[in-house]
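Colleague: So the protein sequences, as listed, match chains A and B.
Its first residue numbered 1, the first sequence is counted upward by one per residue in my numbering.
Its first residue numbered 1, the second sequence is counted upward by one per residue in my numbering.
Accuracy of the hints is not assured; some may be wrong.
[To be verified] Only pairs whose alpha carbons sit at most 25 Å apart, straight line, appear in this in silico SDA-like list of lysine to any residue:
1) B:Lys234 <-> B:Glu113
2) B:Lys68 <-> A:Phe36
3) A:Lys124 <-> B:Arg39
4) B:Lys30 <-> B:Ile12
5) A:Lys3 <-> B:Leu214
6) A:Lys179 <-> B:Ala52
7) A:Lys124 <-> B:Asp149
8) B:Lys58 <-> A:His130
9) A:Lys124 <-> A:Tyr160
No lab work stands behind these hints, which were simulated from the structure alone.
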Amino acid sequence: MHKDQIYIQYLKENNSQGIQHIYNLFAKKIVSLIVFNSGSEDDAYDILQESLMDIYHMAHERDFKLTTSFESFLSLVCKRKWLNVLKKNKQIQVTNSEESLLYIEDHSAKDLEELFLVIDRENKVMEVLHALGERCQEIIKRCLVEKHQEKIAESLGISYAYLRKKKSECMRTLTERVKALGVF
Amino acid sequence: MEKDLERIQDYIDGQLDSGELAEFENRLAKDEELRRQLRMQQEISHVLAKRALSDEDKVRSTITNVSKEFRRKHVSNIVWLKRYATVASVACVLLLVGLFFLNRKTEVYTLPEIQSEIVRGQEQNRLYEDAVSAFNGGKYSEARAKLEDLLKENSTQIQNQYYLGLSYVGEKDWEHAISILKPISQGVSVFRNEAQYYLAVSYYKNGEKSKAVLLLDQLCNEIDEWCEKALDLKKKIK
Numbered sequence: 001m002h003k004d005q006i007y008i009q010y011l012k013e014n015n016s017q018g019i020q021h022i023y024n025l026f027a028k029k030i031v032s033l034i035v036f037n038s039g040s041e042d043d044a045y046d047i048l049q050e051s052l053m054d055i056y057h058m059a060h061e062r063d064f065k066l067t068t069s070f071e072s073f074l075s076l077v078c079k080r081k082w083l084n085v086l087k088k089n090k091q092i093q094v095t096n097s098e099e100s101l102l103y104i105e106d107h108s109a110k111d112l113e114e115l116f117l118v119i120d121r122e123n124k125v126m127e128v129l130h131a132l133g134e135r136c137q138e139i140i141k142r143c144l145v146e147k148h149q150e151k152i153a154e155s156l157g158i159s160y161a162y163l164r165k166k167k168s169e170c171m172r173t174l175t176e177r178v179k180a181l182g183v184f
Numbered sequence: 001m002e003k004d005l006e007r008i009q010d011y012i013d014g015q016l017d018s019g020e021l022a023e024f025e026n027r028l029a030k031d032e033e034l035r036r037q038l039r040m041q042q043e044i045s046h047v048l049a050k051r052a053l054s055d056e057d058k059v060r061s062t063i064t065n066v067s068k069e070f071r072r073k074h075v076s077n078i079v080w081l082k083r084y085a086t087v088a089s090v091a092c093v094l095l096l097v098g099l100f101f102l103n104r105k106t107e108v109y110t111l112p113e114i115q116s117e118i119v120r121g122q123e124q125n126r127l128y129e130d131a132v133s134a135f136n137g138g139k140y141s142e143a144r145a146k147l148e149d150l151l152k153e154n155s156t157q158i159q160n161q162y163y164l165g166l167s168y169v170g171e172k173d174w175e176h177a178i179s180i181l182k183p184i185s186q187g188v189s190v191f192r193n194e195a196q197y198y199l200a201v202s203y204y205k206n207g208e209k210s211k212a213v214l215l216l217d218q219l220c221n222e223i224d225e226w227c228e229k230a231l232d233l234k235k236k237i238k
């Protein structure tokens, strides 16, 4: 196991001091990287934050083990995320030079790319969820987390039948939008 | 289609009675499109459940708070970084122009010119401007002496440390250049990459070619704008 696995652990355990340590060690370099590549300081901190969230989710996926330094890994995640932003804003064209920018000295690069794709897919589903109304979000989340839907309905001041109908509508909307994005 | 989406969701949630369940499973066995739709909804439900059951919100809150605190503490450094990014950019342009006109057969590197800090004719620091004038005039020993005086006033000023390092390069005092440029190349200032480049030059001139090549390779793996310069130097020294 790489000695930097501890940083993955900090994220996994929501260790505030550990996360502060991550910022103290790596934030400036990441910010410089984004700022030197057409980003603002705000962009840089947003990318860093979202990249750390992605790493948190990766840490829970298949018991993720770091095989390179955390600095290299974090840089890779951030670069990848920032490239996607630039592509989306049409600020860059897709070129072969991306491969060298995103290269990481790691024999499990293919596994890593698959993991990135899983997290990207999940993030897109969550983006669609967050674009639904607050009531839909609440109903969907609570129905997933809590066992007794009758109690959920009661706490929301609606009938059980109405809850089922509303949940069904929300999930239908969400599914249609996810399908339209071509995520799955 | 709408009804199918609702029926699929009820199936996933275990909300179908025995009759409805049998009918639905019978349809699934015959309808490939229905099976595909079911797989997609199952995957979506799986993602939602995974994220809903994670501590995502708490972790995001922690990261947000840490980020805010970090930015609050480091705002002065970033402002300084932006301020001197212009200086570094101008220095790079001057360096490239210098390289274009210089006879490359005689030297593998050129030194940049130091940017003056005079704004709208108003001089802020006489000693610094004297150092700039001496350095840009090729009087590196004189520039070094003035930069050393400036550093006595403020030893943490990385800009002056960097130019002191370059003054040693100008004097061809490679060992002193290395001792000054090495910590800057390992730090996080805006001069980091330039320091790394001139540190590589100093190592090469000091007979430590492998260290020079290693540094140039690192430069190429990091910030792209420096890759071309590093490759060019590497070609010359090999």
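Colleague: Next step is simple, just say for each hint if it's right about the structure.
Modeller: Outcome of the hint check:
1. B:Lys234 <-> B:Glu113: Holds, at roughly 22 Å.
2. B:Lys68 <-> A:Phe36: 22 Å, holds
3. A:Lys124 <-> B:Arg39: At roughly 17 Å apart (the allowed maximum being 25 Å), Arg39 (chain B) and Lys124 (chain A) satisfy the hint.
4. B:Lys30 <-> B:Ile12: Roughly 18 Å between the alpha carbons, so the hint for Lys30 (chain B) and Ile12 (chain B) holds.
5. A:Lys3 <-> B:Leu214: 23 Å, holds
6. A:Lys179 <-> B:Ala52: OK: Lys179 (chain A) and Ala52 (chain B) at ~21 Å, within 25 Å.
7. A:Lys124 <-> B:Asp149: 57 Å, violated
8. B:Lys58 <-> A:His130: 17 Å, holds
9. A:Lys124 <-> A:Tyr160: 30 Å, violated
Of the hints listed earlier, those the structure fails to meet are numbers 7, 9, in rising order.
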